[in-house]
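Enquirer: Use the sequences and the hints to build the structure in full.
Okay, so the sequence shown: first residue is 1 according to this note's numbering, each after it adds one.
If a hint is listed, it holds; no wrong ones were tucked in.
Listed next, with one range per pair, are the computed distances between beta-carbon atoms: (1) 435 with 96: 39 to 47 Å; (2) 355 with 575: 38 to 46 Å; (3) 1086 with 732: 51 to 59 Å.
No lab work stands behind these hints: they were computed from the structure.
We put the CB at the ideal spot given by N, CA and C, even for glycine.
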Amino acid sequence: MDKTVVAAACAAACALAAWPVQAQENMLHGLGWVMEGNPGSSIRSSAITVSGNRSAAKVEAVGLGGSLGFGLAGVLRLIATAQVNTIGLEAMDVGQSQLLVSGNRLSGPMTTLGGAASANSILISGQGERKRLQGSQVTVAGNEAGDVHAQGAELYALLGSASLQIPGRASANSVLLQSTDVEDSEISNTQQRAHGVRSVGGSALANVLTASQSALKQVRIHQHGNTASEVLASGASAALGYGALAQAKLEGAALANSIALAQTQLSNSRLHQQGNEVRQIVGAGGGALANSMALTQMDGQVRDWHAVQQGNVAQRIGAFGGEGSVLMGALASVDNHASALANSINLDRSRLTGRNEHTQTGNDAQDVQARGGVALANSVWALQAQLDASGLTQRDNSAQQVRTNGGSVSALGGVLGAAERSSRAGANSVVLADQAVLKNMQVLQQANQARGLEVRGGQAMANSVLADQQASLQDGQVLIERNQAQGLSTQGGQEQLAGGLLWKAQQDAVVLANSLAVVGSQWRSPQLALQANTAGQLHADGGSITANSVSLERGDGSGSALHAPVGLQGNTATEVQTQAESSSTAISSSHTRARAALNAVLLHDNSSVDADSQLQIAGNRAELVSGMGGTALVQSLAAYRGAGLVRTPVTIENNRSQGIHARGDHQQTLGYGSSRHGIAAVNSVYLEGQQGAGLNDSHVQVQANRAEEVHADGALVQANTLALSQNGRLRDSQALVRNNRAASVSAFAQTTRGLFGSNERKSFADVNLNALDIQAPLAASTLLVEDNRVERVDAQEGSASVNSVALGQKGQGLRALELRVAGNQAAGVRSSQGQQALVSSVAIDGTASNSRFDVVGNQAQQVHADAAGAEASSVQADGGSSVTHSSISVTGNRASIGTGGAVASVKNQQSGRVAQSRITIANNQASATQGGANASVLNSGSLGNAAITISGNRGSANAALANSVRNRHGRLGGQIAILNNRGQAAAGGVLNSVDNSGGSLSGSVTIVGNQGQASGNALANSVHNSGSMNGRIVLAANKANASSSGVANAVKNQGQLSGRVNIVGNDGTASTGGTVNSVVNNGMMAADVSIVGNRGSASMGGVSNSVVNNGLLAGRVLIAGNQSSTTGGTVNSLINHGVMTGSVNIVANRGAAAPGTTTGSVVNAGALVGAAGVAANVPHVANPGYTYAVPSTGVINQSVLIVPAYNFVFQ
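Expert: This is how it looks when you write it as C-alpha cells:
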C-alpha cells in the first residue's frame, strides 16, 4: 500500500474525541494519530510516504474546556493535538515496509494548548499491546520545522486558590515509538532542521527518536546531519492561594538530535549519531538533551549494543532547576535540580549485558550550563546502572564553557538563612553514581580537550572518570591519555544565617581534570593509566582541584578501595591555584582549607590500596602552582586519615616541579588570631592524619625527581620526600629516595596578631627535601636516601630537612631497621630563629633497637642555622629517644657549616639514651666553627656500653669540636677509639680528643695516630675532663703543635679522674704557654701516669712530655725515654703546685738545657708525698728542706727543686 498522508487536527475534532484522545495521550506522552488499526491489522511490504510538503499557515489545536459554578468552583481544560506532515500508526504490525517522512517544510507557527504538537514525525504505538515492526525502514529525513509550540492544560479550583498544569509536548522531525517491538530494521533521522521548538509544562523534541515500553533487536539507528536551534522546555506550575502560600514548578524536558529509550529492550543494535548540530537548547525546571542518548529503566534489557557519537556540535545548552516557595519566597524557597547533556550518554537504572560498545569521537560542545543540577558535554552518565563486558571510548572531543551554579534555598528572603546547593559540570567525562557498576569494562579517554569549565558550589569535570555514591568498577581497564584541560574554575556554595551576621559558610567546590575520582566506591582494575595529559589555568576557591590524578575519597558511606596498578606518566599541570574560602560570625571568622592534587594519587578517609595495586608516578611536570590555606599535592602519593597501602609498590620518579607556592591560612575570634598551616607535597609520598595512614610490606621509590622554586608562607614543604605522620605505621617495607634534585626552596613563617596587636601567634615554615620524614612506628624495614642534590634552601623562622631521615615519635618503636644516607650533596642551606637545618643526616625521636644507621659519602657546603641548629651528615638521637643494640656509621662525608651545628657527627641529646651500640665515624672531611662539631660524638644524655671509633677524619674546629667525643652533663660508658685523624683546632676548639664536661665517663679511651694543631686555648689529640672519669687512657703515636695555651697529645683534668694514663710515642711542639705529650691536673686525679717515648719541644713557657699538677694527684708517675728541646719552657718534668701521693720517676729522657728552662726535673711548689728521683745522674731527695743547686742560672736540669720554708718532701 502506497499512501501519502497529510493531516492537520482541528479544535472541533479534538473536542469531539477529547476523552479518548486523553487516554491515548497519557499512554504515549501526548501523541496524535493519523491511522488506527483494529485488532489483527497489519502492514506488509508497503510504503507510507509523507514528503515534499510545505506549510506556511498557522496550525493550532485547543483542548476542550469546562467549568463549575461559572469558574468559581473549578475549571478544566483537556488535551488537544496538532499534527503536520506526520505518520501515525496505532495497534498495527508492520513488516518489510518503508515509513518515510522527508523533504517537508513547516514555516508557520504550530501551537497546541493543553496537548501535543507534532511536525514532520512518525508516531507508532501499540495502544497498550505490544506490536511488531520487522524488516522495515523508518526514515525521517530532510525535513524542516519552525515555531512548534505546545502548552499543557490548566486546572483551577476556587478562583485559583489551587492550580495544576498538565504537561504538554512539542515534537518536530522525530520518531516516537511506544509498545512496539522493532526487529531487523533501520531507523534513520537525518538531515533535519528544527527551529523554535518550545514546550511549556512538558517536553520539546527536535530531531529525536524516543521509545517506551518497546524492544529494539538488530536495529540500526542513524541520526546524521541534523540541526536544531532554540529548543525550549519549561516545567508546569502548581500553586496554592495564588502562590502566596505555596508554589512549585514541575520539570520540563528539551531534546534535540537525541535518542531517548525507557523501559525498552535493546539488543544487537547500533545507534549512530554523527554530524548533528544544536544551538540553544534550554530545559527550565527539568532537563535538556542535545546530540545525546538516554536509556532509562532498562534493567536487564540491554545487550550487545554499539553506540557511536561522532562529529556532533552542541552550543548554548542550558538546564535550570524548577522553583518552590512559601509565602512568595518570604519564608522559604528552594530550587530543584536540572540537567543539561550535550553529545552525551545517560544510563539511568539500566543493566547492560553482553558486549556493549560506547564510542564518542570528534564531538564539540560549547556553552553548556546547569543551575541547580548537572551539565555534561561529550560524557557518559550512569545512575544505578550496571555495565557488563563493555567498552567506552572518548576520543578527540572538545568542550568549552561548561558551567554550573548550585540551586538556592532561602528563608525570609535570605535575611534569616540562605544556602546554595552543589551542582556538577562535566566535559569529555564518565560519571558513575548511585551504586552504578562497571564489570569487565574498558574505558579509553584520549586526545580530548576541555576549556572554560566553571562551577559555583559544586563540581567541574574535564576528561575524567568519577565513581560516586557506592559505584564500582570490577576487572576493567581505564586509560586517560593525551587530554587537555584549561581554564577550569570552581567556587564553593554559600550558606548564611541572618544575612551572615550570625553565621556564614562557604561550601567546598571540586575541579577534576584528566583524572579518576573514586568517592565512597570500589575500583578493581587490571590497569589504570593516566598518560601525557595537560591541565592548565585551574582555579578553586574554597574547594579542591584534582588534575591528571587518581583520587579515592570516603563519600557518604565507607572508604573507597583501589585494586589496580596505577600509572601516571608524562602529564603536565601548569598555572594552578587554590584558595580557601571563609566562614564568619559576628565575633569570629575562619578560612576553610583548599586542596590541589596534580599528577598525583590521593587516598582519603580509610581508603585503601592492596597488593593488586602498583602505583607509579613518572615523567610528569608541574609549574606555577599556588595553594592558599590548604594543601598542594604535586606528583605525589598522599594518604589521609586511616588510608593504607598493603604490599603495594610505589614509584615516584623523573618528575619535574617548578614554581610551587603553599601558604597557610588563619582564623580569628574578637580579633585574637591563630594560624593554620598550608602543605605542599611535591614529588613525594605523604601519609598523615589523626587516624593514621600506613605502609605494610610495600616498596616505595622516590627517585630522579626535580623540584625548583618551591615556596611556603606559614606552611610545610615536602619535596622528593616520603612523609609518614605519628599516627601512621611502616612495617616490612622498603623506602628509597634516590637521585633527586631540589633548588631555590624557601619557607617563611606567618604572624597573626589579635586585638590591638595582642595575642601574637606564628605559624611554622618547615622544608623537607629529598628526605624521609617518618614519625610513626617502624619495623623490619629498609630506608635509603642516596645520591640526592639540593641547592639554595632558606627556612626563615622554620626548620629545613635536606637529604635526610627523621624517624619516630617519643615512646614509639623502631625495630630491625636498615637505614642508609649516602652520596648526597647540599649547598646553601639555611634556617633561622633557632630552628634546625638537617642536611644528609638522621634524626631519631623514638625507641630504636637492633637497627643499622649509615651516613656515607655525603657532601654539604654553606649550611647555616643560628642557635647551633645546623647538622650535616650526622646522626642525632633526640631527647627522650632510645637506641639499643644498634650500629651507627658516619663515613666518607665532606661538609662545612656556619655558626654552630654538627657535621659528620653523632649527637645524643639530653635525656636521650644509646646503649650496647657501635658508633663509627671514619674518613670524613669537615669544618666547624663557633660551637660546632664535625666528625665527633656529642653526648648529653646516656650513652652506655658503647663502642665508639673515630678514625681517618680530616677537619678543623674554630671554637668548635672536630674528630672528638664530647660528653656534656651526660653519662658515657664503653670503649672510645680516636685513630689516625687530622685537623686544626683554634679559639678553644677541640680536635681528635675526648672532652668530658660536667658528665660521667667510664671505660677506655684510645687516641692513636692522630695529627693536629691546637692554638688559642685549643685541645688536640687529648683528653679533657671537667666531670667524672674512670678508665684507661692511651695517647699514642700522635703528632701535634700547641700554641697560645693550646693542649696537644695530653690529658687535662679539671674534675675527678681515676684509672691509668699512658702517653706513648707522641710527637709535638708547645709554645707560648702550650702543652704537648703531658698531663695537666687541676682537679682530683687517682691514676698511674706513664709518659714514655715521646718527642716534644717547649718554648716561651710551653710544657712538653711532662706532668703539671695543680690539684690532687694520687698514683705513680713515670716519665721515661722522651726526647725534648726547650727554650724557656718545661720538658720531661713534673711540676707540682698541689698535692701528690705516690712516686715520680723520670728516667732516660733526653733534653737540652737552656736559660729559663726546666728539663728532666721535679719541681715541687706544693706537697709531695712519696718518692721523687731523677735517674741518670739526677740526685735523690733524702731530707726535707734541702734545696739542690741548679747547674747554672736560669736552668733547672735533671733536678729536684724544693722551694724553702713551706714545701715538704717525704721519702
